[in-house]
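Each chain, letter by letter, is given below.
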Amino acid sequence: MTHIAFMHGNEAAAEGAVAAGCRFYAGYPITPSSEIAEILSGRLPEVGGVFIQMEDEIASMAAIIGASLGGLKSATATSGPGFSLMQENLGFAVMSEIPCVVVNVQRVGPSTGLPTKAAQGDVMQARWGTHGDHPIIALTPSSAQETYHLAVRAFNLAERFRTPVILLMDAIVAQLKEKVEVPDPASLQIVPRAAPSVPPADYKPFPFARGEVGPLAVFGQGYRYHVTGLLHDEHGYPTEDPAVVSAWWEHMATKLDAHLDEILAWEEVQLADADLALVAYGGTARAAAHAVTLARSEGIKLGLLRPITLWPFPEEAVRRLAGQVRGFIVPELNLGQIRYEVERLSAGRVPVEGLHRADGLQITPDQIVSAARAAHARDQA
Amino acid sequence: MTAPAPPTQLQTSFILREYLRPQMLPSTWCPGCGLGIILSSIAQAVHFRGLAKDQVAMVSGIGCTGRMSGYADFNTLHTTHGRAPAFATGLKLARPELTVITVMGDGDAMSIGGNHLVHAMRRNLGLVAVVVNNSVYGLTGGQLSPTTPVGGHTTTARAGSFERPMNLEALARAAGAAFFARATVNHSFGLTKMVERALSGPGFALVEVISNCHVLYGKMNETPEAAGMMMAMDANTVRSNPTLQRRARLPVRLTDAETPAVPAADARPLAGVQTDTRLRRGVIFERRGRVDYSGRYYAQSAPPGDDEAA
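Heads up: the protein sequence lines correspond to chains D and F, in order.
Under this note's numbering, residue 657 is the last one in the first sequence; the count climbs by one each step, no gaps.
Under this note's numbering, residue 312 is the last one in the second sequence; the count climbs by one each step, no gaps.
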């Protein structure tokens with residue numbers, strides 16, 4: 277049965293993970309994500325799962341990959357500096373197609389930065405943080421309620437596409453306590469770990485089926501295969517054969533792109549008649565949504581596009597809007613990481629203005645309305 | 003966790019081929035490299051312990067030793083540089099019934115992965131680690147390693163290394179590993195027996211194997227042939243006799259305060275204290291029984307996939 281709870285985003289992420297079937301967590305304490313580890317250290321043993329505090333974030337990421345190969349849905353949580361340390365093995369999970377979930381509660385960087393202050397500066401790191409080209413999924417919630425649902429979705433997408441999924445939170449959402457309707461677990465759609473249906477002799481752990489992934493056999497169940505961070509063939513054996521490498525890239529490059537309709541999510545707020553659009557996400561989107569209401573009371577037709585999947589980015593939605601509105605404003609707690617995307621997609625058709633700050637404070641609805649007023653006045657002139 | 007079941011029948015015939023992946027051979031290892039001997043010894047230890055290949059996982063890092071997991075017909079995981087113990091920790095907690103063997107080189111285990119190794123030894127989950135120590139970075143072309151002896155020449159220590167080499171035995175003892183043994187590839191029967199013993203108990207069991215890299219290290223240090231380097235390894239190690247060593251240690255039990263300050267120039271070996279700098283081969287220490295608390299990770303219910311352990 278659905279029940280009402282009062283939770284902050286970190287708690288919602290932890291509870292959503294448990295509901296999604298997460299049974300292994302390895303992590304290292306870091307502000308402002310530590311509550312996730314604290315809560316799961318109690319919750320996981322209650323549900324037959326395992327919690328371990330590792331020696332660092334590198335090891336945390338390694339341990340969840342090992343546990344996932346052992347058949348447990350696995351997650352870790354961290355913040356900027358820890359996320360930097362995880363990039364090495366995040367790439368390993370991409371390369372070896374091992375499902376896992378990484379929660380990154382963003383704070384102001386670079387380096388130690390402002391540890392207790394909210395930011396959205398890891399957007400591009402989530403996309404390109406590990407070396408080499410690669411597909412990745414990053415989800416970004418705007419409320420505790422949405423955090424719960426996106427945590428469930430992150431595990432589902434990880435299993436469905438055999439990929440690491442990043443739940444990219446910010447300290448605004450992570451630390452804000454608010455009402456959460458906790459759904460009946462039976463009402464949730466959960467993607468279980470797919471098991472191979474063929475005998476071991478016929479099993480290919482890494483099939484290059486264009487746009488599809490095969491099941492990942494659990495270690496110890498009769499399918500002895502090789503997992504490596506080296507570029508490999510469908511059996512997992514390392515190869516340098518350009519033909520095989522090309523086939524591997526074909527598989528990697530298409531495994532998410534062929535399913536964008538399944539993956540992409542965004543919210544549109546009063547965009548139907550908008551002639552000025554905000555693109556905002558995470559905690560900042562809350563101020564943006566309020567700014568839409570304020571601006572409209574002044575007669576400015578402002579709307580909001582709120583990406584929920586940051587990666588892959590809802591490109592078509594922005595391209596379409598670029599043909600409708602007379603300008604974009606992108607408020608974000610960084611110096612313009614998603615603004616670059618919006619600029620790229622609007623391709624010079626309409627002006628794209630950034631509203632950025634990375635000083636640890638939040639962007640207020642008034643600031644956004646002021647920017648909208650200025651853009652509106654410019655349009656009228 | 004429960005120890006692997008003892009062999010139910012006498013295992014007499016060992017066929018190495020049954021433990022290899024023929025499609026991955028020939029290996030990338032140089033002719034005469036000790037790694038083949040080590041892989042064979044691990045396979046024999048698994049065989050004589052009566053473990054099914056499906057129930058064995060081999061987790062390796064990066065380097066020449068890292069490639070071993072590709073050749074062994076177990077559940078194999080070739081991870082990132084130095085991180086093998088952390089991957090193995092996650093796998094072992096998820097599937098405690100698996101026998102998880104970690105194989106690492108000296109740079110992998112003691113340099114980039116030093117922290118992971120220390121904490122894996124401290125946690126004492128039922129993992130076996132085989133650390134292949136050839137004093138040099140082989141795969142990258144003969145650079146300085148954390149175990150390069152003082153005076154040893156490498157491509158990044160051309161005048162000879164002046165850094166103190168890592169003492170894995172002391173590290174294992176301090177970190178709380180349950181078992182530590184040292185072998186050389188010259189004594190493969192002993193190596194097999196040590197790996198067998200490492201496989202037989204709870205806790206973290208570490209086997210250091212002194213191996214030869216004549217192609218890189220030997221070439222720069224006057225032993226360019228495998229045989230010559232193996233003879234040097236023989237000369238630089240001595241069979242351990244734990245009982246005699248315990249006796250020898252008994253009379254000298256001084257605290258720091260009681261130890262007379264001796265000017266370095268006047269320092270003389272004390273009677274009864276081992277002055278032999280040769281590394282000891284054999285089972286160096288074993289402390290079993292009270293070290294493995296892995297069951298505590300599963301507080302409220304049985305570990306996944308293991309109905310017997312509570």
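Hints are supplied without guarantee of correctness; some may be wrong.
Covered by chain D, per the in silico footprint, the following chain F stretches (three or more residues, Cβ under 8 Å) [stated by the list, open to error]: (1) 162-170; (2) 208-216; (3) 223-230.
Taking CB as the label site, the calculated pair distances span [to be verified]: (4) 526/D x 230/F: 45 to 51 Å; (5) 625/D x 24/F: 33 to 39 Å; (6) 157/F x 404/D: 57 to 63 Å; (7) 224/F x 523/D: 43 to 49 Å.
Read the hints as simulated data drawn from the structure, not as lab findings.
All C-beta atoms in this analysis are idealised placements derived from N, C-alpha and C, irrespective of residue type, glycine included.
Taking the hints in turn, this is what the structure says about them:
A stretch counts as covered by a chain when three or more of its residues have a beta carbon under 8 Å from one of that chain; for the stretch 162-170 of chain F and chain D the count is 0, and the coverage is violated. Remark: the stretch 208-216 of chain F is not confirmed as covered by chain D, as 0 of its residues place a Cβ nearer than 8 Å to a Cβ of that chain, below the required three. Three residues within the 8 Å Cβ limit are the bar, and the stretch 223-230 of chain F against chain D gives 0, so the coverage statement is violated. Between residue 526/D and residue 230/F the CB atoms are about 49 Å apart, so this pair conforms to the stated range of 45 to 51 Å.
For residue 625/D and residue 24/F, the Cβ-Cβ distance of about 60 Å falls outside the hinted range of 33 to 39 Å, so the restraint is violated. Taking the beta carbon of each, residue 157/F and residue 404/D are about 33 Å apart, not inside 57 to 63 Å as hinted. The hinted window of 43 to 49 Å between residue 224/F and residue 523/D holds, with their beta carbons roughly 48 Å apart.
Violated hints, in rising order: 1, 2, 3, 5, 6; the structure is consistent with all others.
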